[in-house]
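Trainee: Going down the list, the sequences are from chains A and B.
Residues in the first sequence are numbered consecutively from -16, following the numbering used here.
Residues in the second sequence are numbered consecutively from 223, following the numbering used here.
Keep in mind that the hints are not guaranteed to be accurate.
As the list claims (entries may be wrong) - Pairs of lysine-lysine, DSSO-like flavour, derived with a Cα cap of 27 Å:
| id | chain 1 | residue 1 | chain 2 | residue 2 |
| --- | --- | --- | --- | --- |
| 1 | B | 288 | A | 443 |
| 2 | A | 257 | A | 286 |
| 3 | B | 598 | A | 95 |
| 4 | B | 675 | B | 598 |
| 5 | B | 288 | B | 431 |
| 6 | A | 443 | A | 364 |
| 7 | A | 364 | B | 288 |
| 8 | B | 379 | B | 317 |
| 9 | A | 153 | A | 168 |
| 10 | B | 675 | A | 189 |
| 11 | A | 163 | A | 240 |
| 12 | A | 168 | A | 257 |
| 13 | A | 446 | B | 288 |
| 14 | B | 379 | B | 391 |
| 15 | A | 286 | A | 299 |
| 16 | A | 96 | B | 598 |
| 17 | B | 675 | A | 95 |
| 18 | A | 201 | A | 164 |
| 19 | B | 675 | A | 96 |
| 20 | A | 201 | B | 675 |
| 21 | B | 589 | A | 95 |
| 22 | A | 257 | A | 281 |
| 23 | B | 353 | B | 379 |
| 24 | B | 317 | A | 364 |
| 25 | A | 240 | A | 168 |
| 26 | A | 286 | A | 435 |
| 27 | A | 257 | A | 240 |
| 28 | B | 288 | A | 384 |
| 29 | A | 96 | B | 589 |
| 30 | A | 446 | B | 431 |
To be clear, the hints were calculated from the coordinates, so they are not data collected in a lab.
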Amino acid sequence: MDGSRIAFKGTLQQLLEKVETGEMIPKMQASHAPMCKFMTAFLVLNGIRHCVPLVHAPTGCALLMSEWARRSACCERRGVPLEPVPCTTFDESDVIYGGEGKLLEAVQEADKKYHPDLIVILSCCTAGIIGDDVEMIAQEAEKLVNSRVLAIKSEGFGGDFRSGYEDAFKLIMELMEPPKKKQEKTINILGARVGPTATEISEDLKEIERLLGEVGIKINAEIAGGCTVEEIRRAREVELNASWCYDWGQKLGDLMKDRFGMPYSRTGLPYGLKATEEWLLGVARPLGMEKEALEVIKRETKKVLPELDCLERTLKGKTVIVEPTTVFNGPIRGLAMARMVEEFGAHPIVINIHPYTIKERVPSIKYLLETGLNPEVILTKGVFRLGSYSEMWQTEEELEKVVQGYDNAIYFGSSDRYPPCPVVNLGLVSRFPRYGFKGIQNIARLVETALKDTSRPRSKLFKEMIYG
Amino acid sequence: MARPTEISSEVLKGEKCFDSYLRCALHGAALTVLGVENCGVISHAPQGCAYLVDSAFSWQEADWTKTETLCTKLCEDEIVHGGEELLARTILEAKELNIGALFVLSACGPEIVGDDIVAVCQDLEPQVPFKLIPIECAGYRGSQYDGIDIALDVMLKKLVKDSGKKVPKSVCLIVPHANANPTWMGDLAWVKQTLSQMGIQVVATLTHKTALSKFDNLSSAEASLLLSHDAGKNAADYLSSEFGVEQICREMPLPIGMSNTRRWLLELGERFDAQEVAEKLVAEGERMVAETLRRKGWGVSGESLEVRLLYRMPVAIIADATIGIPLVRFLFEELEMTPELICLRSSQPRAREILEREVGDLGLDPKIVYNADVHKVRRGLDEVRPEAVFGSNVERHAIEGLGIPLIFEVVNPMRQFRLVDREYFGYSGILNILELIQNDFNDRWRSKERRYKARW
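Hey, can you work out the whole structure from these sequences and the hints?
Mentor: Encoded structure:
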């Protein structure tokens, strides 16, 4: 591929430096719009059972999340009952006169109508601009109702999508009570948003639960993956916090460590053997259960020896092109996947990880660099065009050309890309978990399938449908 | 005598905690502008609001390889210092797009801080190779139906000129997209086909796959047909007062079910001097429905839902007004059910008049709730305890624990995804609705297992 379509070629470290100096942030405002702070805060709080997220906003903000996160993802796909997502239906008169009085009444109404354990007021752009003091209202309201009442300033303009997650996890800490007893050999899993919200992969969480169970480690709460307010209250009684997704768990882990002195196991995502060992030992060692964990690792490793052999045989000496935007579910998983393929002797190249994404995930990227992961990164010019870059024919065409530059490439991403090489389809819903030992088996099968299918024709119909 | 539990505007204002079925005005405006072909859309908003525009995309069957939806992604800086400069820059970035018009939709934030999107567009119009159409549709201006009306108001005032002449036997179709049938395009197609059979020309559709050039001729329509009971009345009134476009079929339910379809077709036939064709359509349509049901063995064979199970079954209708109002007569007259609860998502005065006239004519006494929210619906269902609910996927989940055995998902959001449009209007529409009833009836035996129990 000639260099005219390449916007950046270097290492992850170099890309991070360019992002931090503002050099690689797209100037075009129209390109790449991820979720706003309100949406991501909602996704976290939605993971608490019997919590009413009271949206202090017009109906658009509330219904978007109610439809997508609650009814569709929770009720239809996850067996969770329909729970309310009320809002204060902010209107023109509230903009002029303020909405605090209305909000106070709304909290009382919500308590009466829904009998929740927790009401969280989420303020959106309108309320934020006119200066409604939602935190003060929450304090006042709590005196008048049966449930706990908290508030989060989650105006869409008030921060990037990461800040919503982080502030929501920080808010959850308000519910944590001083420990009444010690729960031995018990941990909290942080950073989850599974339960009522399908933003993460429950199979991965199940694999973690299975491995912890094998070692003899108990879980108090998965925060906030379908946990109860009661479980959050007891969160300080456990011996250790661990994150199931480093990207989202680390902030809460750090905060609980700083404020409550609770140890936190800082590890990456358990893709592949090495990362899985690190994850499990990272939890077991502080609990004094290293021996048990090593036994589990030995036993489980034995079960996946054929798959480990397969991964080494198929990946060694290959160039693996990882496209994080198409890796289910997100860029940090894409980077963790790059680390895994390196473990099996491949040379990873990460393609088109959006600089905006890097900017929003600086702490996680820095941590991954600390662990020694610093893959080659290529950004093509399609990333910087107007519109949705991942479904754009320009980025598809550029990917195809990049792949042509290698005679031993394997693509790790989604089958909605058509590079002229084996495609490891990480979008396949039936090959989960990807974490842990079961994940090794599943990833090995995906790689095997990709190699076997290389010569088979791809669907012209699907390609035409996606790229026109 | 009907006993509407009307939620008047005063009472609605009293409601402080509202679990809405409707999105905001920004979404409604997006639903409308995305029905214009060869256009682009910029939401002048923080990045989250872009999702409200994107979610309107498939509702209008927009094509992402042809239509770009862009966002100015406002941050704190623009809220403090204003975002006009950023909007201007974004519009200029969009110069490369090969489009006929760029709609600029403003969200809550920029409107509160006073960004003048109209002035920005006026300044930049000479510098871009397309029309710039600013629409001030902040979410707080109302529901998605209000947003549809706001967008139409701007589009009509900016794009429609007085052509000075009328096209004989012609209509314009208004807001086919304000209809909770998930494939409302099927309803639109049925209307167009029927009009064509009567020799009536459609001058323009507001909006669905509407070319910009269609707005030029809009005033030449003799009549307008409003295809929604939820929105679009203001547009019909404007066309009527400014260009003498007569409103027809305005005081009756839309054509769902035998009686409603007959009434609607016959009025059309009378207005356009096509009575013979209308009567033929009615006769053939009614015969086709009865014959099809008989030949398919619906309603009597043991393999399908038997009609005796429906007789005087107390039912609830939870829907938009567009589908909900005509369903009343259809369920009562043709399916012999008894509507005992009617919850409508909106509350247009004309729609209320039509509904209340209908229940009066039919001698029904249902509980009626306007501007329904999910809590009121659940409360209403708890009080009335019907045996079946005609509603959406929301009610499928909301009726849990109430012991209501049947839910028929007829309006959006629905669990069943459709690639092929299925109309509810007209005679084939009756078959489509009966098919839905049959399939959901079969579905009642699916597992309702839940991980834990809700408390409300």
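Trainee: All hints, please: hold or fail.
Mentor: Hint-by-hint comparison with the structure:
| no. | hint | in the structure |
| --- | --- | --- |
| 1 | B:288 with A:443 | 19 Å, holds |
| 2 | A:257 with A:286 | 15 Å, holds |
| 3 | B:598 with A:95 | 13 Å, holds |
| 4 | B:675 with B:598 | 20 Å, holds |
| 5 | B:288 with B:431 | 12 Å, holds |
| 6 | A:443 with A:364 | 25 Å, holds |
| 7 | A:364 with B:288 | 20 Å, holds |
| 8 | B:379 with B:317 | 24 Å, holds |
| 9 | A:153 with A:168 | 25 Å, holds |
| 10 | B:675 with A:189 | 22 Å, holds |
| 11 | A:163 with A:240 | 18 Å, holds |
| 12 | A:168 with A:257 | 23 Å, holds |
| 13 | A:446 with B:288 | 16 Å, holds |
| 14 | B:379 with B:391 | 24 Å, holds |
| 15 | A:286 with A:299 | 21 Å, holds |
| 16 | A:96 with B:598 | 10 Å, holds |
| 17 | B:675 with A:95 | 18 Å, holds |
| 18 | A:201 with A:164 | 15 Å, holds |
| 19 | B:675 with A:96 | 16 Å, holds |
| 20 | A:201 with B:675 | 25 Å, holds |
| 21 | B:589 with A:95 | 23 Å, holds |
| 22 | A:257 with A:281 | 12 Å, holds |
| 23 | B:353 with B:379 | 14 Å, holds |
| 24 | B:317 with A:364 | 18 Å, holds |
| 25 | A:240 with A:168 | 18 Å, holds |
| 26 | A:286 with A:435 | 23 Å, holds |
| 27 | A:257 with A:240 | 26 Å, holds |
| 28 | B:288 with A:384 | 24 Å, holds |
| 29 | A:96 with B:589 | 21 Å, holds |
| 30 | A:446 with B:431 | 24 Å, holds |
In the structure shown, no violation is registered for any of the earlier numbered hints.
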